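The residues making up each chain are set out below.
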Amino acid sequence: MNDEQDPLISRLRAGLDAATGGIDSDPPLLGDVTATPRAEPKRAWLTAVAAAALVGFTAAGIFVTTLDSEDSPELAPLDSRTVVAGTPDGSVPPTDGSVPPTDGSVPPTVGGNDQIYRATATVLESQDHGPQLCLGVILDSYPPQCGGLDITNWDWRALASERANETRWGEYVVVGTYDREAATFTLTQPARDAAPPTPAPVPSDTAVPSRYPGRVEAAVTVSER
Amino acid sequence: MMAEMTEAADESESFEGFYRRRWQDAARWATALCGERALGEELAQEAFIAIQLRFSILDNPEGYLRRTIVNLTKEAHRSTARRRWRERTASGRDRASNAADSARADPDLIAVLSGLSHEQRAVLVLRYWADWDETSIAESLGCQRSTVRSHAKRGLDQLRAELETDQ
Numbered sequence: 001m002n003d004e005q006d007p008l009i010s011r012l013r014a015g016l017d018a019a020t021g022g023i024d025s026d027p028p029l030l031g032d033v034t035a036t037p038r039a040e041p042k043r044a045w046l047t048a049v050a051a052a053a054l055v056g057f058t059a060a061g062i063f064v065t066t067l068d069s070e071d072s073p074e075l076a077p078l079d080s081r082t083v084v085a086g087t088p089d090g091s092v093p094p095t096d097g098s099v100p101p102t103d104g105s106v107p108p109t110v111g112g113n114d115q116i117y118r119a120t121a122t123v124l125e126s127q128d129h130g131p132q133l134c135l136g137v138i139l140d141s142y143p144p145q146c147g148g149l150d151i152t153n154w155d156w157r158a159l160a161s162e163r164a165n166e167t168r169w170g171e172y173v174v175v176g177t178y179d180r181e182a183a184t185f186t187l188t189q190p191a192r193d194a195a196p197p198t199p200a201p202v203p204s205d206t207a208v209p210s211r212y213p214g215r216v217e218a219a220v221t222v223s224e225r
Numbered sequence: 226m227m228a229e230m231t232e233a234a235d236e237s238e239s240f241e242g243f244y245r246r247r248w249q250d251a252a253r254w255a256t257a258l259c260g261e262r263a264l265g266e267e268l269a270q271e272a273f274i275a276i277q278l279r280f281s282i283l284d285n286p287e288g289y290l291r292r293t294i295v296n297l298t299k300e301a302h303r304s305t306a307r308r309r310w311r312e313r314t315a316s317g318r319d320r321a322s323n324a325a326d327s328a329r330a331d332p333d334l335i336a337v338l339s340g341l342s343h344e345q346r347a348v349l350v351l352r353y354w355a356d357w358d359e360t361s362i363a364e365s366l367g368c369q370r371s372t373v374r375s376h377a378k379r380g381l382d383q384l385r386a387e388l389e390t391d392q
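Listed in order, the protein sequences are those of chains A and B. So that you can map any letter, position 85 of the first sequence is 85 in the numbering used here, and since no number is skipped, the others follow by simple counting. In the numbering used here, each number is its position in the second sequence, counted from 1, plus 225.
To be clear, the hints were calculated from the coordinates, so they are not data collected in a lab. Keep in mind it's a predicted model, so treat the numbers as computed, not measured. Here a beta-carbon is modelled for each residue, glycine too, at the ideal position from N, C-alpha and C. Please note that the accuracy of each hint is not assured.
Claimed, not checked - A few chain A positions that, by computed beta-carbon distances, are all more than 12 Å from chain B: (1) Asp6; (2) Leu8; (3) Ser10; (4) Arg11; (5) Asp17; (6) Asp24; (7) Ser126; (8) Ser141; (9) Glu181; (10) Thr186; (11) Thr188.
To be verified - Cut-off 20 Å, straight-line C-alpha distance, at most; resulting in silico cross-link-like pairs (EDC-like, lysine to aspartate or glutamate): (12) Lys378/B / Asp179/A; (13) Lys299/B / Asp284/B; (14) Lys378/B / Glu389/B; (15) Lys378/B / Asp3/A; (16) Lys378/B / Glu344/B; (17) Lys299/B / Asp193/A; (18) Lys299/B / Asp3/A; (19) Lys299/B / Glu241/B; (20) Lys378/B / Asp358/B; (21) Lys299/B / Glu287/B; (22) Lys378/B / Glu359/B; (23) Lys299/B / Glu162/A; (24) Lys299/B / Asp155/A; (25) Lys299/B / Glu389/B.
What the hints assert, rightly or not - If you want a taste of the chain B side facing chain A, the calculated C-beta under 10 Å gives, among others: (26) Trp248; (27) Gln249; (28) Ala272; (29) Phe273; (30) Leu278; (31) Ile282; (32) Tyr289; (33) Ala330; (34) Gly340; (35) Leu381.
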């Protein structure tokens, strides 16, 4: 018996149609749009150490910010395979044939403060601080503890996460810009879970060599909106 | 039954256009997943507010909307949104709209659905009623497609057993 013939599925459809049938097709006015409330950051010594390490390594052109290279995340600038340079003003032209933004937004540039970084890292929010990109040591407690860069536009609502004792965390792939002075990270693409449920096969001619055996990193195009 | 979820999205569509086009489906998904219309509509609004804040950087607003709805309904039982909704249901308007929906709906079915795990309920609702494909459901739940199939089978088995017991 296929789904269409199963009386239980027919009943399920009818029941849910009835339960949701009164919803108006005209959307209500959205309420005041406010960012997700964030706890006032209390920058711990770990944050300062991590940020200092980031600045130092970045200045040296290494772009590896970890205190522990085995267990900690990297904050890597997108390389020449994914950042397409060449326009006179240093902006990044679209690679997908799309029209450059005309809404006044500034496209990312190669180098400088608009450099786009990518990291696979833990993001953690606790009573002491808002969502932070963990750099350096992550204390193996429960819930875990770490310090790092405040993420200015984080939103947990579309992401799976763990929670314990008013701490929320998860491991994500983040792409965004890094403000050295403010020690903040701003997403330029939505974060995604670090372990996708169904990894898509990567054609051999477009795969990006991984720094880690057994892991394939997907190329990220900065011109995506 | 729900309209197909894969309506073509215009690349240049504004957030307002996206909101108008997807509101009803999102509110119905959320309502079906949480079992309560007023809460479902509130969660759908919360999802659109989240999307509005970052619409310019989303390359797949549809996928973001689906994930957000599923996550918010999972969180609803312990979130402040539910507390706010409980406070608001003291108002006559909400009581009336929920009562009207309950009268039309299948209360036994809704009760059994509410007793399933979030994952089983989500798979049954999204696969058999909202017509999402397996990949979209797996992405929204953060699981493998094979796990979606497993939830579907176990959820249907439980739904069938409990509804037959009730009769």
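Results for each hint:
The claim that Asp6/A lies off the interface is violated: its Cβ sits roughly 8 Å from the closest Cβ of chain B, which falls inside the 12 Å cut-off. Not every C-beta of chain B lies more than 12 Å from that of Leu8/A, the closest at about 5 Å, which undercuts listing it as non-interface. A cut-off of 12 Å between C-beta atoms contradicts the statement that Ser10/A is not in contact with chain B; the least separation is 9 Å. A cut-off of 12 Å between C-beta atoms contradicts the statement that Arg11/A is not in contact with chain B; the least separation is 6 Å.
For Asp17/A, the requirement that its beta carbon stay farther than 12 Å from each beta carbon of chain B is not met, with the minimum near 7 Å. Interface exclusion of Asp24/A from chain B breaks down, the closest Cβ pair being 7 Å apart, not more than 12 Å. Residue placement check: Ser126/A keeps its beta carbon more than 12 Å from all beta carbons of chain B (closest about 17 Å). For Ser141/A, the requirement that its beta carbon stay farther than 12 Å from each beta carbon of chain B is met, with the minimum near 22 Å.
Separation of Glu181/A from chain B is adequate, the least Cβ-Cβ distance of about 22 Å exceeding the 12 Å criterion. The beta carbon of Thr186/A is not kept farther than 12 Å from every beta carbon of chain B, the shortest such distance being approximately 10 Å. Thr188/A, annotated as away from the interface, has a beta carbon of chain B within 12 Å; the closest lies near 6 Å. The suggested pairing of Lys378/B with Asp179/A is violated, with an alpha-carbon distance near 49 Å, which exceeds 20 Å.
A distance of roughly 24 Å separates the Cα atoms of Lys299/B and Asp284/B; the hinted pair therefore is violated under the 20 Å criterion. For the proposed pair Lys378/B and Glu389/B, the alpha carbon gap of about 16 Å is at most 20 Å, so the pair holds. For the hint pairing Lys378/B with Asp3/A, the CA-to-CA distance comes to about 12 Å; that is within 20 Å, so the pair holds. Between Lys378/B and Glu344/B, the direct Cα distance comes to roughly 12 Å. Compliance with the 20 Å bound is thereby established for this hinted pair.
With a C-alpha separation of about 17 Å, the suggested pairing of Lys299/B with Asp193/A holds against the 20 Å cut-off. Restraint check: the Cα-Cα separation between Lys299/B and Asp3/A comes to about 26 Å, which exceeds 20 Å; the hinted pair is violated. For the suggested pair Lys299/B and Glu241/B, the alpha carbons sit about 26 Å apart, so the restraint of at most 20 Å is broken. Proximity of Lys378/B to Asp358/B is assessed by CA-CA distance (about 15 Å); at most 20 Å being required, the pair is judged to hold.
A C-alpha spacing of about 19 Å is found between Lys299/B and Glu287/B, which places the hinted pair at or below 20 Å, so the restraint holds. A threshold of 20 Å between alpha carbons decides the hint, and for Lys378/B with Glu359/B the separation of about 13 Å falls inside it, so the pair holds. Restraint check for Lys299/B and Glu162/A: the C-alpha separation of about 12 Å stays at or below 20 Å, so the hint holds. Taking the CA atoms of Lys299/B and Asp155/A, the gap is near 16 Å; set against the 20 Å cutoff, the hint holds.
This hinted pair does not check out: Lys299/B and Glu389/B have alpha carbons roughly 27 Å apart, beyond 20 Å. Because the beta carbon of Trp248/B sits about 3 Å from the nearest beta carbon in chain A, less than 10 Å, this interface hint is met. With its C-beta approaching chain A no nearer than about 5 Å, Gln249/B sits inside the 10 Å limit, and its interface hint holds. Contact between Ala272/B and chain A, as hinted, is supported at the beta carbon level, the nearest pair being about 7 Å apart and thus within 10 Å.
Interface hint status for Phe273/B: upheld, as the beta-carbon distance to the closest one in chain A is roughly 6 Å, under 10 Å. Among the interface hints, the one on Leu278/B holds; its C-beta lies about 6 Å from the nearest C-beta in chain A, closer than the 10 Å criterion. Checking Ile282/B against chain A by beta carbon gives a least distance of about 6 Å; that is within 10 Å, so the hint holds. Hint on Tyr289/B holds. Least Cβ distance to chain A is approximately 5 Å, under the 10 Å limit.
Look at Ala330/B: its Cβ gets to within about 4 Å of chain A, closer than 10 Å, so that hint holds up. About 14 Å separates the beta-carbon of Gly340/B from the nearest beta-carbon of chain A, more than 10 Å, and the hint is not met. A cut of 10 Å between beta carbons decides the hint on Leu381/B: the least distance to chain A is about 7 Å, and the hint holds.
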